[in-house]
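Student: Kindly produce the complete structure, drawing on both the sequences and the hints.
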Amino acid sequence: MRTTTVVVGAGQAGLAMSWWLARLSIDHVVIERGEVANSWKTERWDSLRLLTPNWQSRLPGYGYQGDDPDGFRTMSETVRFIEGYAEVMSAPVRSHSTVTSVRSRDDGYEVLTDQGSWQSETVVLATGACNTPVVPAFAEAVPSSISTLTPLHYRNPEQLEQGGVLVVGASASGIQIADEIHRSGRHVTLAVGEHVRVPRVYRGKDIKWWMDVSGVLDQRYDEVDDIVKARNVPSLQLAGYPDRRTIDLNSLTRIGVKLVGRLAGIKEGKALFSGSLRNVCALADLKMNRLLDTIDEWAAGSGVDTEVGPTHRFESTVVEESPPLLLDLARGRIRTIVWATGFRPDYSWLDIPVLDYKGYVRHDGGLVEAPGMYLLGMPFLRRRKSSLIDGVGDDARDLSAHLASYLRDRSLTSRPAMQLAGG
Amino acid sequence: MTTATSGKPVNNGVNVEALFGAREALTKAPEAAQFKWRATCNWVKGTQSRSTVEGFYGLGAEQKHKSRFSFDSDHPEVFASEDTGATPVEIVLAGLAGCLTAGIAAVAQAREIQLRSVSATLEAGMDIRGILGADPDVRNGFDGIKVIYKIDADASADDIKALVAQSQKRSAVYDIITNPTNVTVEVK
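Going down the list, the sequences are from chains S and D. Numbering of the first sequence is given in this note's numbering, commencing with residue 168 and proceeding in unit increments. Numbering of the second sequence is given in this note's numbering, commencing with residue 938 and proceeding in unit increments.
Treat the hints as calculated values from the structure; they're not laboratory data.
Here are the simulated EDC-like pairs of lysine to aspartate or glutamate, each with C-alpha atoms no more than 16 Å apart in a straight line: (1) D:Lys1003 to D:Glu991; (2) D:Lys982 to D:Glu1019; (3) S:Lys454 to D:Asp1096; (4) S:Lys425 to S:Glu347; (5) S:Lys396 to D:Glu961; (6) S:Lys454 to D:Asp1095; (7) D:Lys1106 to S:Glu361; (8) S:Lys372 to S:Asp472; (9) S:Lys372 to S:Asp410; (10) D:Lys973 to D:Glu991; (11) S:Lys434 to S:Asp495; (12) S:Lys454 to S:Glu361; (13) D:Lys1083 to S:Glu488; (14) D:Lys965 to S:Asp523; (15) S:Lys437 to S:Glu307; (16) D:Lys1083 to S:Glu487; (17) D:Lys973 to D:Glu999; (18) S:Lys372 to S:Asp237; (19) S:Lys372 to S:Asp463; (20) D:Lys1001 to D:Glu991; (21) D:Lys1083 to D:Glu1027.
Derived, one-sided and incomplete: chain D residues facing chain S with beta-carbon distance under 8 Å: (22) Gly1081; (23) Ala1099; (24) Ala1102; (25) Gln1105; (26) Thr1115; (27) Pro1117.
Simulated restraints on C-beta separations: (28) S:Asp392 to D:Pro1025: 37 to 43 Å; (29) D:Asp1080 to S:Arg421: 25 to 31 Å; (30) S:Tyr527 to D:Arg1107: 20 to 26 Å; (31) S:Glu474 to D:Ala962: 46 to 52 Å; (32) S:Ser418 to D:Ile1085: 25 to 31 Å; (33) S:Lys208 to D:Ala962: 42 to 48 Å; (34) D:Gly997 to S:Leu522: 24 to 30 Å; (35) D:Tyr994 to S:Arg270: 40 to 46 Å; (36) S:Arg498 to D:Tyr994: 41 to 47 Å; (37) D:Gly997 to S:Gln326: 50 to 56 Å; (38) S:Tyr527 to D:Leu956: 21 to 27 Å; (39) D:Thr989 to S:Gln329: 53 to 59 Å; (40) D:Arg1107 to S:Ser271: 38 to 44 Å.
Note that this is a predicted model, so its numbers are computed, not measured. Backbone N, C-alpha and C define an ideal beta-carbon position, used for all residues, glycine too.
Tutor: See below:
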């Protein structure tokens, strides 16, 4: 089968690109291994809500139409939202088609799937940043009597045995999962490495509203000092609770969660925690205050100052005098370990030499090194908001424009062979 | 040289341009980033020994310090020893202090903060029943290390705290001490 552009993945990124391609009259197909919004449907836990407010889902030609713009959608509401997007634009989605290979062919690309193959001039990679959980190598040393799982398989506390739980990782997933599991009566120990702390509400406004209006989310990748660092910033300790409560290490400590340092290793059945807990908490507090300083400066400069509450700062993260450095996993106090240690994309099907030594796609603002290939949906791809539902649209606009001009340039120098092949 | 808000060039004596250049170059040539640090040690007598540092490996070749550095270590008289040198655990504290302080200077230079003075006092608790073997539940090493920095610099209190926090984040000795490291001891 032939088309001009193959888009891999029918989540919000693939659909945003499809919207733009249709607008540019570029013939394309969106290949999806499951159904539209597959990851949202099959790889998220039951109570998860978006951590961005409902209004902050501005996709090309689409947006939140409900009656709770400041609320936070549940997973099923999010899935319906994205499915609605695909329907409204009649996106050319090929569901239940798994891409098995993308390779170069005849000055274009060949995309093999388990439902047939496609030839195209261009390819857009929109499979997301979170296909596979990242788990440390020493996870193999966990005693076999302890159950382990990652956020991709976690659904709710009831699937876990009664007993203590060690949650490893204190970013968005870890902190929410720790809170929920601890409240279910299973004592949680939370291993904390580097993290990003933010309040849900500041000066009466949602933190995501501040980050939007002040331009923080629109910061461009070519305007930051250290893009490698910026692209590796852990997900914010933020949750979309209906009561808008802030979740952070202090709120967890208050309900009885035990904080320990980053899980540094497992030796002879003993979990070893880093002695750096105090410093990672200090780093997170300082970083939060820098964000709040930026917000305060912007508020003063823009005149919004008079409409919002007064400036203030939050309590520093409380760390006990001597956090434990060791936990004997063989003693039975821990029945489950949740590895909230991050995710990475899976490009095992991408048979083009565009991956760096860590297995990530090499690109310049979404322009992949291979001609006519584009990447969407990665953290800080083009802007700080690139991996957010609200951010992918601008990137899709930019990259589809580039794709269109790439096609125009190709057609000016097109070889007869491509035309004779028809389709 | 970079300029602080006071208008005078900030100079903490750290060549950060060279460090950033090295970071850039080594990202592309990770083999050159593989360093090997070395020390040799000879027993003198009793609990006294002398460690020497002279050569190391890095940037793809053997390197040599400008001169040979020596460290005598011993135990104090309260340990029924001769006290001819600092104890090895005190040398570890000096190592931590040196690493963190160098980091503070480098980060301050990169952030265009002029340092005027930086001093640290370190203290580490130890229950010596551990090393004496008097109680198997007592560890040999420190039960904690406390470092207190006094810094006079051309910056706000928060910015100074941030310097110290960043220094820990990128410190080799801090990492060696706070995280597990494999130690293999062979006899030839």
